[in-house]
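Student: Sequence:
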Amino acid sequence: MKRFGALFLIPVMLLTLASCSPEGSAVNVTASKVKSDSLISSATYSACLQAVQEVTVVPKVSSTITNVNFKVGDKVNAGDVLFTLDSSDIQNKYNQAKAAYDIAEINLTNTKNGNAASALLKLQQAVDAAQLGLNSSTIARDAAKDNYDKVSYMESIGEASSFELQQAENTMNTTQCALDNATQALEAAQETLRINQNVLIPESIAAAEKQVESAKAALDTAQSALDDTMVTSPIAGVISVLNATAGEIASAQTANATIIDPSAMELVISVTGGDVLKLQNGMSVRVTLNDVLKDYTGTITTISPSADAATGLFKVTIEIDNTAGELRAGMLATAGFDDAGQTPALYIPQQSVQEENGAFYVYKVDGDTAQKTQVTLGTQKNLYVEVTSGLAAEDIVIVDGADKVSENSAINVIKSID
Numbered sequence: 001m002k003r004f005g006a007l008f009l010i011p012v013m014l015l016t017l018a019s020c021s022p023e024g025s026a027v028n029v030t031a032s033k034v035k036s037d038s039l040i041s042s043a044t045y046s047a048c049l050q051a052v053q054e055v056t057v058v059p060k061v062s063s064t065i066t067n068v069n070f071k072v073g074d075k076v077n078a079g080d081v082l083f084t085l086d087s088s089d090i091q092n093k094y095n096q097a098k099a100a101y102d103i104a105e106i107n108l109t110n111t112k113n114g115n116a117a118s119a120l121l122k123l124q125q126a127v128d129a130a131q132l133g134l135n136s137s138t139i140a141r142d143a144a145k146d147n148y149d150k151v152s153y154m155e156s157i158g159e160a161s162s163f164e165l166q167q168a169e170n171t172m173n174t175t176q177c178a179l180d181n182a183t184q185a186l187e188a189a190q191e192t193l194r195i196n197q198n199v200l201i202p203e204s205i206a207a208a209e210k211q212v213e214s215a216k217a218a219l220d221t222a223q224s225a226l227d228d229t230m231v232t233s234p235i236a237g238v239i240s241v242l243n244a245t246a247g248e249i250a251s252a253q254t255a256n257a258t259i260i261d262p263s264a265m266e267l268v269i270s271v272t273g274g275d276v277l278k279l280q281n282g283m284s285v286r287v288t289l290n291d292v293l294k295d296y297t298g299t300i301t302t303i304s305p306s307a308d309a310a311t312g313l314f315k316v317t318i319e320i321d322n323t324a325g326e327l328r329a330g331m332l333a334t335a336g337f338d339d340a341g342q343t344p345a346l347y348i349p350q351q352s353v354q355e356e357n358g359a360f361y362v363y364k365v366d367g368d369t370a371q372k373t374q375v376t377l378g379t380q381k382n383l384y385v386e387v388t389s390g391l392a393a394e395d396i397v398i399v400d401g402a403d404k405v406s407e408n409s410a411i412n413v414i415k416s417i418d
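Okay, so the sequence shown: first residue is 1 according to full-length UniProt numbering, each after it adds one.
Think of the hints as simulated: they come from the structure by calculation, not from any bench. Any given hint might turn out to be false.
[As the list claims (entries may be wrong)] Straight-line Cα separation of at most 25 Å, SDA-like style, residue types lysine to any residue; simulated pairs: (1) Lys294 / Gln380; (2) Lys93 / Gly247; (3) Lys93 / Ala246; (4) Lys294 / Met283; (5) Lys71 / Cys48; (6) Lys278 / Ala345; (7) Lys33 / Lys315; (8) Lys112 / Asp128; (9) Lys415 / Tyr361; (10) Lys33 / Glu326; (11) Lys315 / Gly282; (12) Lys294 / Ala246; (13) Lys60 / Gly79; (14) Lys112 / Gly247; (15) Lys71 / Arg328; (16) Lys145 / Gly158; (17) Lys404 / Val365; (18) Lys71 / Asn92; (19) Lys278 / Ala310; (20) Lys98 / Asp86; (21) Lys216 / Gln96; (22) Lys415 / Thr297; (23) Lys294 / Val413.
Keep in mind the model is a prediction, meaning the values are calculated, not measured.
Could you put the whole structure together from the sequences, leaning on the hints where they help?
Tutor: Written out as structure tokens, the structure is:
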């Protein structure tokens, strides 16, 4: 910790110029309570605030922007359409894909219920006809066999000639040949029916189903591309960047918008090895907004387990609640960590201290008047300076406007710095 050095102090003007306000009128000032060192950190690290959740939006297709629905600073919900792209070409591709899908569906239906059923019906009819032919051939062969047996007997007793027997035998052989042919015809018809039932038609249906699947995939791709012409916000939040103007070309390689959730901010600082050993996840940290010297309480959410190879420092992330909406991404803030075992001391904003003839003094708030008080200063911490004498805990000192008042000046405290 370094000793108090040169401060950027405001020299005191002549008493006659100490107040720029007419006699009797109150001077508007801001004030701050004297703080104990438990509220002032000795180890300090500064960085710019950033939103905990920040998402860039990049179009998935390249096309001309046709309409922009929001502007920077607008609140959006997840799914809100930020801007739209020209969809005429993509719509045509979608229509073609839809037509191809419809045709594939019709073909599958016809294959299942039309062509296949008709083919099976015809094949079954062929089997039935072959079965009838076999039945007729069997009857004819059996009749010819009975006749041959009868003629053969009659020929053996001399009541039929050998010629008649030969004719009966020829008829029997002819009908047997017809029966064999009918049997083969039935077996062939049955095999054709079986192959179509179990192989060809299922394969045709499977092929038609594959065509439907392929057409559906192409349709889904076209639908997705059509949906992508409406560029939406992926999260609920506030638009921090929007580079979109109607008539311009949006590229699928370029981010056009950034959405942040402002409800929580984070400060990512780089901490020395000595300080990182004092920290742990969940620890509360005082974060000071540099521009207004206002303090907030943050919580350490992550601590890098290893130092950055280039800097030798450890990344520490501090999350600060921003439901009140006072913080903005990009604001400079300082996080500080207290030194354990340090002797209690009092601190005031450096801005409140003024110098006169080598002595330091401040103006205390005493009701509605300013009281000039000499102080002895010690070490600097962050944007504060230690007061070793002249003030007590809970005293209130003027910060902004101290150069415009004098002893017993009437004042109006318009803002108190926590």
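Student: Given the hint that Lys415 pairs with Thr297, test it: the Cα-Cα distance must not exceed 25 Å.
Tutor: Judged against 25 Å, a Cα distance of about 20 Å means the pair holds.
Student: With a cut-off of 25 Å on the C-alpha distance, tell me whether Lys33 and Lys315 pass.
Tutor: violated, 33 Å
Student: Does Lys33 pair with Glu326 here, judged by a C-alpha cut-off of 25 Å?
Tutor: OK: Lys33 and Glu326 at ~21 Å, within 25 Å.
Student: For a C-alpha distance cap of 25 Å, please report whether Lys294 and Gln380 respect it.
Tutor: holds, 17 Å
Student: Hey, Lys93 versus Ala246, does the alpha-carbon distance stay inside 25 Å?
Tutor: holds, 23 Å
Student: Do the alpha carbons of Lys145 and Gly158 lie within 25 Å of each other, as the hint requires?
Tutor: holds, 20 Å
Student: Would you check the hint for Lys278 and Ala345, treating anything up to 25 Å between C-alpha atoms as holding?
Tutor: holds, 21 Å
Student: With the threshold set at 25 Å, check whether the alpha-carbon distance from Lys315 to Gly282 stays at or below it.
Tutor: holds, 15 Å
Student: Holds or violated: are the alpha carbons of Lys404 and Val365 at most 25 Å from each other?
Tutor: holds, 14 Å
Student: Checking one constraint from the list: CA of Lys278 to CA of Ala310, max 25 Å. Satisfied?
Tutor: holds, 22 Å
Student: Within a Cα-Cα threshold of 25 Å, do Lys71 and Cys48 meet the stated pairing?
Tutor: holds, 24 Å
Student: Checking one constraint from the list: CA of Lys112 to CA of Asp128, max 25 Å. Satisfied?
Tutor: holds, 23 Å
The structure is inconsistent with the numbered hints 7, 12, 14, 18, although it conforms to all the rest.
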